[in-house]
Amino acid sequence: MLEVIDLTVAYGPVVALHGVSLTVADGSITTVLGANGAGKTTLVRTISGLTRPRGGSVRLDGRDITNLAPEDIARLGVAHVPQGQGVLAELTVDENLRLGGLWRRDPRGQREALGEAYELFPPLAQRRHLAAFSLSGGERQMLSVGRALVARAGVLLLDEPSLGLARLVLVQIMARIKTLVKDRGLTVLLIEQNAKSALSVADEGIVLHLGKVVARGRAHQLLSEEGLRHAYLGF
Amino acid sequence: MTRFFVLTLNGLTQGAIYASMALALVLIWRATKIINFAQGAMAMFTTYLVLFAIEHGAPYWLGFIVALATGLLIGAVVERVIVRPVESAPPLNVVILTLGLLLFLEALAPMAFGGQIKSFPPAFSIVGLRFGASQIAFSPFDLFTLGSVVAVMILLLVLFQKTNLGLRMRASAFNPEVSRLLGVRVGRMLTLGWALASLVGALAGVLIAPSVLLYPTFMDDVLVFGFTAAVLGGLDSAVGAVIGGLVMGFALSYVGGYFGSDLDTVGALVILIAVLMVRPRGIFAVQRFREV
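Chains E and W, in that order, are what the protein sequence lines are.
Here this note's numbering is used: the first residue of the first sequence is 1, the next is one more, and so on.
Here this note's numbering is used: the first residue of the second sequence is 1, the next is one more, and so on.
Since the hints were derived computationally from the structure, they do not count as laboratory data.
Wrong hints could be hidden among the right ones.
Unchecked claim - Between beta-carbon pairs, the in silico distance windows are:
# : chain 1 : residue 1 : chain 2 : residue 2 : range
1 : W       : 162       : E       : 185       : 45 to 53 Å
2 : E       : 69        : W       : 112       : 35 to 43 Å
3 : W       : 280       : E       : 224       : 52 to 60 Å
Source: prediction; values computed, not measured.
Where a beta carbon is used, it is the ideal one built from N, C-alpha and C, also for glycine.
Work out the full structure: start from the sequences and follow the hints.
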């Protein structure tokens with residue numbers, strides 16, 4: 001379970017998050033919605049340790065991880081896929097995938113996990129030994145998610161996976177993620193600007209506006225709330 | 001013709017040494033986007049330590065190991081103590097710091113080891129090999145120089161391309177933030193990168209010392225030529241650094257041999273300008289991003 005409690009983050013005098021709280025239960029998808037500048041990316045960066053909060057805390061399965069270094073948070077099984085997918089373009093597909101689970105020092109488990117990742121995303125298997133910069137946007141997204149799989153991550157933080165992807169490709173990738181959530185109890189925090197498609201895959205939703213939570217609830221409820229849709233979600 | 005042959009062999013050996021200095025610079029550039037101007041001075045210092053050990057009765061080989069070990073250590077210490085605290089400052093600050101370190105080490109060396117010019121013993125004879133009646137301008141020590149540079153390069157290649165540690169180091173160099181998100185301890189990888197670079201630099205110092213004599217600024221030329229070689233190779237490419245080093249070795253050997261050794265440095269400069277006019281980003285600059 002991932003808990004964010006009363007999180008406040010500021011960049012100098014600019015406060016990006018004001019006392020944001022949220023909980024993502026194991027084996028569920030929570031989406032964080034909001035316009036540009038709402039604080040969505042700041043939220044995931046703070047969870048994964050890249051940004052230090054001014055106040056509040058982040059807990060993983062009850063353990064306080066607020067002040068851990070990003071690499072230590074990653075080693076607790078939190079996989080953050082940054083905006084623009086964060087593949088290491090100069091390394092091959094295979095190297096990118098392997099890197100995800102190196103810290104486990106478990107070569108056998110690693111090989112199995114690699115096999116699973118290639119099985120889940122066949123296009124990656126065909127491009128195994130190519131540098132990641134030759135991949136399409138969709139393949140890069142697959143690579144990032146596959147990497148989280150190789151890391152045996154329990155929590156997946158996805159920052160705007162829809163950015164620059166064809167709708168069909170996104171739907172396919174989200175379907176795979178949904179399978180992982182159901183079969184393995186993967187916990188997903190999905191950051192999205194595209195509210196409609198995010199709410200259609202998520203269990204819970206939260207709407208951020210200028211760093212504050214302005215609405216939260218079951219995803220299907222948020223989808224049907226007329227006023228909210230007009231005011232913040234734009235559809 | 002004989003003269004050409006002699007100069008070529010000489011260029012090959014010198015080139016191998018410039019190549020290792022260039023490689024040291026490239027390793028650090030790739031990891032931190034910093035030109036370490038103290039690379040030569042650090043190697044000077046380790047070379048003095050070797051001489052100190054030998055003068056106090058240590059056999060050459062022990063000294064050689066001392067050079068490599070202290071090279072590793074000095075690289076790691078410099079990264080941790082000098083570079084790490086200014087990590088987030090503009091890159092220029094760090095570059096100025098490495099210049100400061102260069103001045104510091106070149107001032108410290110005469111105090112610690114004496115400022116007079118000293119001779120440095122080679123591992124093997126520096127008298128040319130004999131084939132039957134004729135002697136060629138290639139000594140067992142030249143062979144050792146070439147051999148050890150090639151060996152170090154192969155070891156580095158295996159480390160970077162074939163091991164998990166190398167994979168982590170490459171990832172940290174390409175994108176530290178994403179690497180941290182993947183659980184890579186980037187800080188340790190940077191320290192290790194500096195340590196390895198400094199080891200390669202230390203090797204260059206021990207190999208060139210017998211032919212140029214030892215004094216506190218004796219590595220300055222090697223740094224300049226190594227830097228030129230690294231730029232020729234594109235700064236980002238290890239293979240480029242090696243080839244750049246060999247190009248410099250041959251070119252300087254021919255310039256020195258045919259036009260007089262006063263023109264060495266001018267020759268280096270002319271080559272640098274000529275190559276950068278044709279390929280502004282170096283011969284082996286890698287194209288990183290796909291054009292969409």
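Each hint, compared with the structure:
1. W:162 - E:185: 45 to 53 Å: This hint is violated: roughly 36 Å between Cβ atoms.
2. E:69 - W:112: 35 to 43 Å: Holds, since residue 69 of chain E and residue 112 of chain W (Cβ atoms, about 38 Å apart) stay within the stated range.
3. W:280 - E:224: 52 to 60 Å: Cβ of residue 280 of chain W to Cβ of residue 224 of chain E: about 59 Å, so the range 52 to 60 Å holds.
Violated hint: 1 only; the structure is consistent with all others.
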